[in-house]
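Visitor: Read off the chains here:
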Amino acid sequence: MEATVIPLPLPVLPEGWEAENNFKAIGKITQESAATQRTLEPVGPYFLAHARRARHKRTFSEDDR
Amino acid sequence: MSDTGSKPGPEPSERTAIGITFGNSNSSIAYVVDDKAEVIANEDGDRQIPTILSYVDGDEYYGQQAKNFLVRNPKNTVAYFRDFLGKEFKSIDPTHNHASAHPEEAGETVSFTVQDKAGEEEGPSTLNVSEVATRYLRRLVGSASDYLGKKVTSAVVTVPTDFTDKQKAALVAAAAAADLEILQLISEPVAAVLAYDGRPEGKIEDKVIVVADLGGTRSDVAVVASRGGMYTVLATVHDYEFAGVALDKVLIDHFAKEFLKKNSSAKDPRENARSLAKLRLESESTKRALSLGNNASFSVESLSDGIDFASTINRLRYETIARTVFEGINRLVESAVKKAGLDVLDIDEVILSGGTSHTPRIATNLGYLFPQTTKILAPSTEVTALNPSEAEARGAALQASLIQDYEAEDINQSTHAAVTTVPHVGNAIGVISVNEAGEEVFVPIIPPETAVPARRTVHVSAPSGGDVLVKVVEGNTHIKVTQPEPKVKAPESKAAKVEDADEDGDDDSDFSDDDDEEEDEEEKREKVWKIGATLAEAGVKGVKKNGKVEVSITVGSDLSVIVTAREVGGKGGVRGTLAAASA
Ligand SMILES: Nc1ncnc2c1ncn2[C@@H]1O[C@H](COP(=O)(O)OP(=O)(O)OP(=O)(O)O)[C@@H](O)[C@H]1O
Ligand SMILES: [Mg+2]
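Protein chains in written order, with our numbering: chain A, 1 to 65; chain B, 1 to 583.
A few of these clues could be false.
Said to hold, decoys possible - In silico lysine-lysine, DSSO-like type, Cα no more than 27 Å apart, as pairs: (1) A:Lys24 with B:Lys530; (2) A:Lys57 with A:Lys28; (3) B:Lys530 with A:Lys28; (4) B:Lys207 with B:Lys530; (5) B:Lys524 with B:Lys480; (6) B:Lys338 with B:Lys527; (7) B:Lys36 with B:Lys257; (8) B:Lys541 with A:Lys24; (9) B:Lys267 with B:Lys257; (10) A:Lys24 with B:Lys480; (11) B:Lys36 with B:Lys375; (12) B:Lys338 with B:Lys524; (13) B:Lys338 with A:Lys24; (14) B:Lys150 with B:Lys36; (15) A:Lys28 with B:Lys527; (16) B:Lys530 with B:Lys480; (17) B:Lys541 with B:Lys571; (18) B:Lys375 with B:Lys530; (19) B:Lys339 with B:Lys527; (20) B:Lys541 with A:Lys28; (21) B:Lys168 with B:Lys87; (22) B:Lys151 with A:Lys28; (23) B:Lys207 with B:Lys571; (24) B:Lys36 with B:Lys151; (25) B:Lys545 with A:Lys24; (26) B:Lys166 with B:Lys375; (27) B:Lys375 with B:Lys480.
Keep in mind that the hints were calculated from the coordinates and are not lab data.
Owing to the predicted nature of the structure, the values given are computational and were not obtained by experimental measurement.
Assemble the whole structure, with the sequences as input and the hints as a guide.
Guide: Here is the structure:
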């Protein structure tokens with residue numbers, strides 16, 4: 001999908017904000033609270049791409065190349 | 001897919017593949033030419049081909065010709081059999097088979113007894129439902145082959161979302177016996193969604209779609225999360241009461257009563273099988289005409305006691321007498337949304353599919369059920385809507401053209417649960433932006449119910465440039481209800497109420513009930529995002545004035561997250577990862 005454009009601006013970096021490589025890992029997505037197993041319908045071109053990546057254990061970026 | 005018998009299917013290079021919808025009432029065949037799906041007309045010129053076989057003097061008729069024989073040759077006409085495939089007699093509903101060959105118990109399956117050969121001395125044949133399906137599919141495929149000028153070898157066929165594995169296996173076997181390879185069975189509502197997305201002008205967006213498939217004998221509703229062109233069914237409901245034949249029944253009763261009013265000494269045409277068959281056929285075509293025009297005629301020769309009958313009906317009258325059915329359909333759609341744990345405000349589109357979806361009133365009513373922002377895709381509400389009778393067949397044809405070059409084994413592996421059953425994020429993942437009032441707001445990037453792995457990229461504006469914060473958070477929605485400002489002060493409003501009640505005279509309902517109702521009408525309901533747990537922060541420094549920051553979020557199959565953020569057109573940028581959910 002194309003990148004969507006979001007017109008509302010990002011906040012300004014707070015005074016004194018520092019992090020190694022400018023990145024702070026704070027939380028994570030947990031299986032318990034934030035994800036459930038569901039079944040994708042095996043239909044359409046985007047599913048086929050998904051299946052191809054899954055079966056060949058390829059990532060999105062490897063797939064892009 | 002389960003095995004299709006010992007015979008291997010054709011080589012991919014030798015396939016001619018089509019899409020088929022195989023309904024209890026109608027079937028369709030479709031094919032993709034120049035990337036566009038087209039529904040094929042059979043030799044009678046029909047694109048909705050009645051799922052009926054009829055035998056007369058040893059000749060087999062199918063489609064509309066067979067349907068017409070319901071009047072003169074009902075005993076040797078087999079109709080409404082699709083749902084019996086793979087089922088035992090005791091679990092079928094024979095309601096719709098009263099006016100044609102009756103289903104009988106035949107061991108593990110269901111059969112019909114018809115005189116399918118010429119000459120009485122031959123005696124009737126007992127055909128089990130698989131054999132009926134095989135014969136019917138052979139005719140469908142024959143029509144498609146004639147049209148295309150080459151033998152159709154393979155198909156993608158649509159089935160309801162509640163078709164069991166046993167039913168699927170029975171369908172695959174019946175097709176194999178007709179020399180038709182089933183490339184894949186796909187679910188009906190998803191075929192309709194694919195038909196929309198697969199149009200040349202179709203745009204892939206994240207959205208939640210309700211597919212209301214309103215047919216002849218059943219109405220099926222599915223709520224589908226459409227995420228980056230991949231589809232997950234969130235909930236389904238099925239109903240056998242509020243569908244096309246119920247609307248036919250309304251008109252049958254209406255015209256039968258009219259007839260009796262004009263011919264007080266005549267017998268009720270509903271009490272004679274042949275008269276009823278005529279009433280039914282004509283009522284159905286009157287009903288269809290009412291989808292297009294404001295008036296429709298009804299005319300049957302020798303309806304009862306040799307008396308001809310002609311009448312007309314206008315749409316308003318029809319909509320009044322059919323109200324219970326229309327309301328039932330609305331409730332069904334509402335219940336599907338609820339079952340998915342969603343609100344009508346969560347629904348972006350309603351796709352109306354199936355023959356009954358041509359009815360303008362149904363689309364209008366659904367328009368009232370959903371907020372104005374929900375697109376109702378029906379012929380009467382949206383000029384770009386697909387023909388509801390054709391959407392699923394087109395979707396099936398698109399899928400057939402997508403997979404026809406794959407080995408059967410490849411298709412099996414890709415449709416296996418190991419590939420299809422994956423985690424879906426429950427919360428949205430997005431970033432914080434600042435609104436006009438200077439408040440922090442949640443901007444979704446990956447919406448809830450997105451299957452992983454998933455990747456989304458957005459461009460967020462940074463108008464003042466400088467150092468900006470990309471704060472990645474979870475988010476979810478809630479429905480905010482705002483009660484209307486009281487127009488007048490409370491005591492006065494009470495006085496006004498009392499006056500109203502006085503005017504109504506005998507209205508003895510209690511006032512507090514009235515109160516609630518009025519507020520319900522005016523309260524404002526809106527969907528708002530709530531900011532949840534913070535996942536990560538990234539700093540993008542030295543952004544140009546009026547710059548944009550590209551944020552990309554990738555969630556892996558293990559729920560690990562990769563965040564990248566960089567100025568659009570700029571170099572470098574930030575990249576960070578969040579660990580997978582604990583194993
Ligand atoms: N233009 C129309 N206006 C109103 N109803 C229509 C119209 N065209 C077809 N129908 C009705 O649609 C119904 C058939 O729907 P459809 O072709 O989707 O069949 P189906 O999927 O085989 O149905 P089912 O399996 O539920 O019996 C019939 O009741 C028919 O009268
Ligand atoms: Mg149908």
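Visitor: Against this structure, judge whether each hint is valid.
Guide: Checked hints:
Distance restraint check for A:Lys24 and B:Lys530: the Cα-Cα separation of roughly 22 Å lies within the 27 Å cut-off, and the hinted pair is therefore satisfied. Restraint check for A:Lys57 and A:Lys28: satisfied, since their Cα atoms lie roughly 23 Å apart, inside the 27 Å limit. Taking the CA atoms of B:Lys530 and A:Lys28, the gap is about 18 Å. The hint holds against a cut of 27 Å. Between B:Lys207 and B:Lys530, the direct Cα distance comes to roughly 19 Å. Compliance with the 27 Å bound is thereby established for this hinted pair.
A hinted pair counts as satisfied when its Cα atoms are at most 27 Å apart, and B:Lys524 with B:Lys480 qualifies at roughly 8 Å. Simply put, B:Lys338 and B:Lys527 have alpha-carbon atoms about 15 Å apart, close enough for the 27 Å limit, and the pair holds. At most 27 Å may separate the alpha-carbon atoms for a hinted pair to count; B:Lys36 and B:Lys257 exceed this at roughly 47 Å. For a cut-off of 27 Å, the pair hint linking B:Lys541 to A:Lys24 stands: about 15 Å separates their Cα positions.
At roughly 11 Å between alpha-carbon atoms, B:Lys267 and B:Lys257 fall within 27 Å of each other, so this suggested pair holds. For the proposed pair A:Lys24 and B:Lys480, the alpha carbon gap of about 33 Å is over 27 Å, so the pair is violated. Restraint check: the Cα-Cα separation between B:Lys36 and B:Lys375 comes to about 23 Å, which is no more than 27 Å; the hinted pair holds. A threshold of 27 Å between alpha carbons decides the hint, and for B:Lys338 with B:Lys524 the separation of about 19 Å falls inside it, so the pair holds.
About 39 Å separates the Cα atoms of B:Lys338 and A:Lys24, which puts this hinted pair outside 27 Å; it is violated. Of the pairs offered as hints, the one joining B:Lys150 and B:Lys36 holds, with about 19 Å between alpha carbons and a cut-off of 27 Å not exceeded. Restraint check: the Cα-Cα separation between A:Lys28 and B:Lys527 comes to about 25 Å, which is no more than 27 Å; the hinted pair holds. Under the criterion of a C-alpha separation no larger than 27 Å, the hint pairing B:Lys530 with B:Lys480 is consistent with the structure, at around 11 Å.
A threshold of 27 Å between alpha carbons decides the hint, and for B:Lys541 with B:Lys571 the separation of about 11 Å falls inside it, so the pair holds. For the hint linking B:Lys375 to B:Lys530, the alpha-carbon distance of about 25 Å falls within 27 Å, and the restraint holds. Between B:Lys339 and B:Lys527 the CA atoms are separated by roughly 18 Å; this keeps the pair inside 27 Å, and the hint holds. Among the hinted pairs, B:Lys541 with A:Lys28 is consistent with the structure: their alpha-carbon atoms are about 24 Å apart, no more than 27 Å.
A hinted pair counts as satisfied when its Cα atoms are at most 27 Å apart, and B:Lys168 with B:Lys87 qualifies at roughly 11 Å. At roughly 55 Å between alpha-carbon atoms, B:Lys151 and A:Lys28 are farther apart than 27 Å, so this suggested pair is violated. Our distance criterion of 27 Å between C-alpha atoms is broken by B:Lys207 and B:Lys571, whose separation comes to about 33 Å. For the given pair, B:Lys36 sits about 20 Å from B:Lys151 by alpha-carbon distance, which is consistent with the 27 Å threshold.
For the given pair, B:Lys545 sits about 25 Å from A:Lys24 by alpha-carbon distance, which is consistent with the 27 Å threshold. Of the supplied pair hints, the one linking B:Lys166 and B:Lys375 is violated, its CA atoms being roughly 36 Å apart against a limit of 27 Å. Proximity of B:Lys375 to B:Lys480 is assessed by CA-CA distance (about 22 Å); at most 27 Å being required, the pair is judged to hold.
Hint compliance for this structure: hints 7, 10, 13, 22, 23 and 26 are not met, and every other hint is.
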